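Enquirer: Residue numbers (the numbering used here), protein chains in the order written: chain A, 3 to 311; chain B, 3 to 311; chain C, 3 to 311; chain D, 3 to 311; chain E, 3 to 311; chain F, 3 to 311.
Just to be clear, a hint being listed does not mean it is correct.
Simulated pairs of lysine-lysine, PhoX-like, Cα-Cα distance not exceeding 25 Å [said to hold, decoys possible]:
| no. | chain 1 | residue 1 | chain 2 | residue 2 |
| --- | --- | --- | --- | --- |
| 1 | C | K47 | C | K306 |
| 2 | F | K36 | F | K13 |
| 3 | D | K36 | D | K13 |
| 4 | D | K306 | D | K47 |
| 5 | B | K47 | B | K36 |
| 6 | B | K306 | D | K306 |
| 7 | A | K47 | A | K306 |
| 8 | E | K306 | E | K144 |
| 9 | C | K306 | D | K306 |
| 10 | C | K36 | C | K47 |
| 11 | B | K144 | B | K306 |
| 12 | A | K306 | E | K306 |
| 13 | E | K47 | E | K36 |
| 14 | C | K13 | C | K36 |
| 15 | B | K306 | C | K306 |
| 16 | D | K36 | D | K47 |
| 17 | F | K306 | E | K306 |
| 18 | F | K13 | A | K306 |
Note that these hints are calculated values from the structure, not bench results.
All values reported here derive from a predicted model rather than from experimental measurement.
Number of protein chains: 6
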Amino acid sequence: MLLSETAASIKSMEIRGAGRIARAAVEALADYAKNLDASDPETFKREMQRAADILTGTRPTAVSLPNAVRSVMRALDSFESVEAARDAVLARAAEFVDHSEHAVERIAAIGARHISDGDVLLTHCNSEAALGCILEAHRQGKEFEVYATEVRPRGQGLVTIRTLNDAGIRTNYIVDSAVRYFINDVDLVFVGADAIAVNGAVVNKIGTAQIAHAAHEARTNVIVAAETYKFAPRTILGELIEIEERDPDEVLPRAVAEELPFVQVRNPAFDVTPAEYVDLIVTEQGAIPPGLAYTVIRDCLGWKIEELR
Amino acid sequence: MLLSETAASIKSMEIRGAGRIARAAVEALADYAKNLDASDPETFKREMQRAADILTGTRPTAVSLPNAVRSVMRALDSFESVEAARDAVLARAAEFVDHSEHAVERIAAIGARHISDGDVLLTHCNSEAALGCILEAHRQGKEFEVYATEVRPRGQGLVTIRTLNDAGIRTNYIVDSAVRYFINDVDLVFVGADAIAVNGAVVNKIGTAQIAHAAHEARTNVIVAAETYKFAPRTILGELIEIEERDPDEVLPRAVAEELPFVQVRNPAFDVTPAEYVDLIVTEQGAIPPGLAYTVIRDCLGWKIEELR
Amino acid sequence: MLLSETAASIKSMEIRGAGRIARAAVEALADYAKNLDASDPETFKREMQRAADILTGTRPTAVSLPNAVRSVMRALDSFESVEAARDAVLARAAEFVDHSEHAVERIAAIGARHISDGDVLLTHCNSEAALGCILEAHRQGKEFEVYATEVRPRGQGLVTIRTLNDAGIRTNYIVDSAVRYFINDVDLVFVGADAIAVNGAVVNKIGTAQIAHAAHEARTNVIVAAETYKFAPRTILGELIEIEERDPDEVLPRAVAEELPFVQVRNPAFDVTPAEYVDLIVTEQGAIPPGLAYTVIRDCLGWKIEELR
Amino acid sequence: MLLSETAASIKSMEIRGAGRIARAAVEALADYAKNLDASDPETFKREMQRAADILTGTRPTAVSLPNAVRSVMRALDSFESVEAARDAVLARAAEFVDHSEHAVERIAAIGARHISDGDVLLTHCNSEAALGCILEAHRQGKEFEVYATEVRPRGQGLVTIRTLNDAGIRTNYIVDSAVRYFINDVDLVFVGADAIAVNGAVVNKIGTAQIAHAAHEARTNVIVAAETYKFAPRTILGELIEIEERDPDEVLPRAVAEELPFVQVRNPAFDVTPAEYVDLIVTEQGAIPPGLAYTVIRDCLGWKIEELR
Amino acid sequence: MLLSETAASIKSMEIRGAGRIARAAVEALADYAKNLDASDPETFKREMQRAADILTGTRPTAVSLPNAVRSVMRALDSFESVEAARDAVLARAAEFVDHSEHAVERIAAIGARHISDGDVLLTHCNSEAALGCILEAHRQGKEFEVYATEVRPRGQGLVTIRTLNDAGIRTNYIVDSAVRYFINDVDLVFVGADAIAVNGAVVNKIGTAQIAHAAHEARTNVIVAAETYKFAPRTILGELIEIEERDPDEVLPRAVAEELPFVQVRNPAFDVTPAEYVDLIVTEQGAIPPGLAYTVIRDCLGWKIEELR
Amino acid sequence: MLLSETAASIKSMEIRGAGRIARAAVEALADYAKNLDASDPETFKREMQRAADILTGTRPTAVSLPNAVRSVMRALDSFESVEAARDAVLARAAEFVDHSEHAVERIAAIGARHISDGDVLLTHCNSEAALGCILEAHRQGKEFEVYATEVRPRGQGLVTIRTLNDAGIRTNYIVDSAVRYFINDVDLVFVGADAIAVNGAVVNKIGTAQIAHAAHEARTNVIVAAETYKFAPRTILGELIEIEERDPDEVLPRAVAEELPFVQVRNPAFDVTPAEYVDLIVTEQGAIPPGLAYTVIRDCLGWKIEELR
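Full structure from sequences and hints, please.
Expert: Okay, structure coming up:
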């Protein structure tokens, strides 16, 4: 796929999901590098940067995108020849894709250690990483039970309970409003993340914050499972993570809405869970408390404050 | 309608809603008294008691039923002749019905005083008393805005937004999970109640407790609008208010459920909001803090501990 | 003083302070009753009611006024002759004045029991009742120390420290902002009240809520000293206690304010401390938790819900 | 037993326990009344009052004593002849003793309703009333498990686990420090009370407050089981409940203490649990929230503020 | 200005403000280095160290002083000749001054991103960095409103509202006690800092802690704007940040104080806001949560634990 | 002592205490290296690794053991000859032992700075590091008072009060249940740690969590004194710190237990204090907030995520 095609597919949301977006962008960059005919290193770098900018411009709020692109482009910080630069880009791209593909399984291995026999878990939405932890614990023969929410308005809970059912895990299915009713019986909450801000706040599917709040009230730990590329570097610069409001139609059929002129549907897709309601974030680099997001951005993702400006 | 018919209609839930059940039972008792042919006062009282027991036995968990029946039967605590007793029963019954019919409008008048120009309100489910307060404030010309939740699984929020829309009140419609996202912009939460326990805990539609918890976190007051016959006298004796679990089908279509043998739907209809998250309960007897439920049961409803045993 | 003169003096705030207003109104009513020439009981009652309405209309937000007036007018609930009615009014008025004059000393006796040798107290503003408790404990020979705040913008703290100094009580004088800095060394907070709502919320001098909040954070008890006529009966009907905003000039001299067109001074005289930050309210009828304000209004002040409508 | 003998036995703590003290005092008063030779009602009353004062003077901090004595003496509020007065005293005394003897079983019946199959309970110290609830639930065939603490320094936990063991109830025995470790698995805490103050604060065996605090943190309800005569009337007057410090020897053998001149043993027998950490107080008059202690003192125990002064 | 003159001016507080002190010290060191005649590198270093010690000794509690001095002195960790050392010192000094002068504008750029149209802000005291954020957002055309406190006893709020007024920003001016009254309408609190401890605690103008506490209660975020040289390195060693108590005269005129022998004025200039009430600290190095103060001290300021001993 | 002997002594708990175990293991490794006859570097490294594995296998839950062993083994990351490797191992071993032996005194120096004249401290169990801080402050002439708990079931408090008494420090000795009773008079809590997890949770003697919780409720700071080798690296991988349950006999004599078939003793030796109840952890590397455990493990202890897998 040409770079322009990949860019278009990300823009149109044909390519979706933090991991898939990241890998597609990286592969597009690698492909572009492979075919880039440049007379000298400076030209090579300049052209690559142009390509990188096109990719990061496709979805400004997708946090994995700049993290992925930058991970590859770092190869061009210093180099001697066009060929060396090309090789470095290709090597980094391959490493990123490999790393990304294994990230979830590393997270699963770490997260599963927190699950014990007899536990009652709760999960919300349909996070590959969070479910990874639960499925891995099940594979290890641990016996436990899961509560899964419905997740209005898109109903991702249905996908989740199918997965859990197929694995043979005892699952309770509840409406989103029923979390506080059952949380006193829950030992551990496992959720994913769409983005994590520098203050450790976790942006995730609408409803997550209420669940974490109810868990905190009942002294139930909350574990967020997230690849490090979910950490949002520009929040260091004070940039707010934009919360997308989706189509009203998801909540109220257009036909009904039209009969109700005084009613407006508000449909935010995500909410923000403050760091104080999160016990641990399990990443492929290990489990860390949410307060260390700054360290992840600087040390694991390798951003420098100057680059972000 | 004969007493046996009324009893059957309450049992089958043809007659529903705390107020309607209470009034139907009272009217059935009055009717029964009118036609009761008794030779002496003792016989009259005994027969009336039998009738009362039939009515209260129809739905043991409907909290308005014993309150209503007892309110009438108290007429028989002392009397001199069959006729005097009959008259007393009829008078009390008429008074109860009248009082009950005006209760909501009295609540509305009191609750509306808490609403000010520019306020943002939030309501959950479709409570006649809570909506009464909001509509009354609107009638008084106050300008405000309302957030209304969807209320899964039965979707009573749709009824609520129709009512608000018809009154011309600016309304925002959100999924149940989105309450914490918006609560910082809300000034006041108004909800109804199905029952109120002696410790001031409010039993109401599933999700209410999460809303009240989120409101408390944001220093937003929560007002419960409820007729006094919602206060559950037998909680003084330690009796727990039973939380009904409704048909799984409401949450997950049977056809889907059958494909998922490891999944069980849990569908509690109500939850319990602790008194510490409720600022005031507005009743037709005035606004009181939740901690005074015992006083309402004893002084407003007139129960004596001996009667409850 | 004629009734019209008393009314005028209350309106112009010549007569100030909850106790003084209450006693002046009661004495004006007694005086009016003494001289009222009425042909029959009904006329007497009607004229008295007219007088009562004039008085309560002078300062609609002064909570002691309706409490005092009603305490006297209750004499006219039932009577047989003009003379009997007049006597009853005079007797009740005399009783009210006597009771009111002794209320603070009774509060002092109760409140002082909470102070122990070695205690560190904190007080805000210049409450006769709160200072009464402190001075009484000092008279009993208890050794303790007091923190007193400055109380911007009116500086009532200066009056307070003069009183404490004259009594020979070791006192620390601090700005309002310094309360949280010292509160960990404080054992007990004593403040007064301007009004108490049915949910136990205490309306008192601006700054009280911050102090009570800081005290709660440090597990320091807060005692409110208040005569029962500070309890606001109409809050049972949902009526909000109006918070007076006073002259901007108190905060920013007019000359300076005029140079600053984009600046508006907000000068609320009171704030509202929620019941959960108050340990006890010491009244002349005994110490009660704030949650029982409803009981005080109904049982001590004798209001019936019907009268309030 | 003569009145003077009873008084001596209470003073020397030969007669101990709130219930036993109360009944002994009442029986002594009845006995005294039976044999009192008085020429006229006034003399009878005066002599009885003298006897009552002797009894209440024996242990000024035993809260059941004044409650019991006053319950009998109220018979002398109005009467016509010596014989009528004597009869009234005897009748009230008999009623009190009967009531007191049945109080625990009434509490047990109410408290047991809060226990459900599968529950995990926790109890501290060795409260007859709290254990009554647990044993009654067991008698009703409910299946549950209990955690019982050791209760340093006197080790009353050993008595408790013997009782539970003999009843065949599955019991876990833990040191006092381990409560927070296990509390997340506990559904309900049941403790007794030595006294309850007007603000709902519960005075009970040292350690109770830490347990209630840990329970609150984990959203675990705390139920206090206590006869109404544990409510301390004079706390309405601001009187503090004195916390007894017991013999250091209970904590550190005297021989060891003597080697350690810089070490002082502090051995308070009780601590004070604030009302906000208590869900319900189960009394023989029904279950009430702690905020209503004032109502119990005034309405159930019948104290008037004037009598207390 | 000679080094000794600069030292004297810092000591006498002629030179004030963390930034100005820091830059003056650095310039004095540069000046001293420029003119220092040393035969060999070791002598040069020894003399420079003597000069550095003089400067840091002038105000032991000014946290920017050691940070600034050390930033320059680090140039002498390794070097080869007197000239190289001198050049390194001069280069570092110039860099520090430049960095310091741009720090506030970098902070403003980051902080302004947190302000949105329609926001209500609150600020306390007169912090250049906090005001910088507000003014920058205004320059960007954002529409918002500000609450500013009076800031007793020195009244810095007056300076603040003049600045805001001159910029044409709608401002509300309130007494320090009124913060909790208005905080529910506030979206974001912006304050500066005098020093930040290793545990993230923020030392700032007296009253800041109360504001942050009230903000936390109402789920309002608190942002601290502070240059990195406000982070106090020696708190890593357990050194406490000394809170200066200023002249009593600022609070109570001496003449009045003299009449009040039992009254002592306590006038702490700062208080300590715990990390849990601070959402973010915006520095010129980016926004970080308060829990990372240790990382700032070690990584941004470059202190090694050994140097601090 | 031979490596096998050291291993056996650690296994049998003859060698106990985090510091002693760490130093014994390091010395055993050094000894083994000194005598290891290897033909080439690879063999040397392989043999050393075998020895290291034997040592870390002796007590899998002793957190100082892998930290110590790894600290030495890091010498073998790169080297050129057997002799160079041997020397490096010996140098690192010597450095570790020296560092470890001075760690407590460095901690004491830092911790003591937090203690001021007039303070009241509280300590639990018998931590060398926590007592070190207290004793150092006393040596510096500071005047303060200490509360020490009994520490059931092993009674380590007795050892603590002997130490404090011998130093001439005024000490109060209390049962574990009495902490909340006295905590309002305490200024600072000092405890040790057995292990610290990546989320900052502190594993320490059973009862510590209740104390920290009570301290937090009363705004009393909690300082944990712990050498860096107490930080548990494998918690980064999600590994839970195992809480040892010790012999029931410690709590209930076997003879009594045998009479009580329905009673089971639960005797966990440690509990887990969440990071939010800990103000600072004082290590020999400086004071840090608990949220930075990850940084300690990575930067001070030098673990890489890859090594831990």
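Enquirer: Could you run down the list of hints and mark each one as holding or not?
Expert: These are the hints, each one checked on the structure:
1. C:K47 with C:K306: Holds: C:K47 and C:K306 sit about 19 Å apart, inside 25 Å.
2. F:K36 with F:K13: holds (23 Å)
3. D:K36 with D:K13: holds (23 Å)
4. D:K306 with D:K47: It holds: about 19 Å lies between the C-alpha atoms, which stays within 25 Å.
5. B:K47 with B:K36: Distance of about 13 Å is within 25 Å: holds.
6. B:K306 with D:K306: holds (21 Å)
7. A:K47 with A:K306: holds (19 Å)
8. E:K306 with E:K144: Outside the cut-off at roughly 42 Å; violated.
9. C:K306 with D:K306: holds (21 Å)
10. C:K36 with C:K47: holds (13 Å)
11. B:K144 with B:K306: With Cα atoms ~42 Å apart, B:K144 and B:K306 exceed 25 Å; violated.
12. A:K306 with E:K306: holds (21 Å)
13. E:K47 with E:K36: holds (13 Å)
14. C:K13 with C:K36: Holds, at about 23 Å.
15. B:K306 with C:K306: With Cα atoms ~21 Å apart, B:K306 and C:K306 stay inside 25 Å; holds.
16. D:K36 with D:K47: The given pair, whose Cα atoms are some 13 Å apart, holds under the 25 Å limit.
17. F:K306 with E:K306: holds (21 Å)
18. F:K13 with A:K306: Cα-Cα ~47 Å, so violated.
In the structure shown, a violation is registered for the earlier hints numbered 8, 11 and 18, in ascending order.
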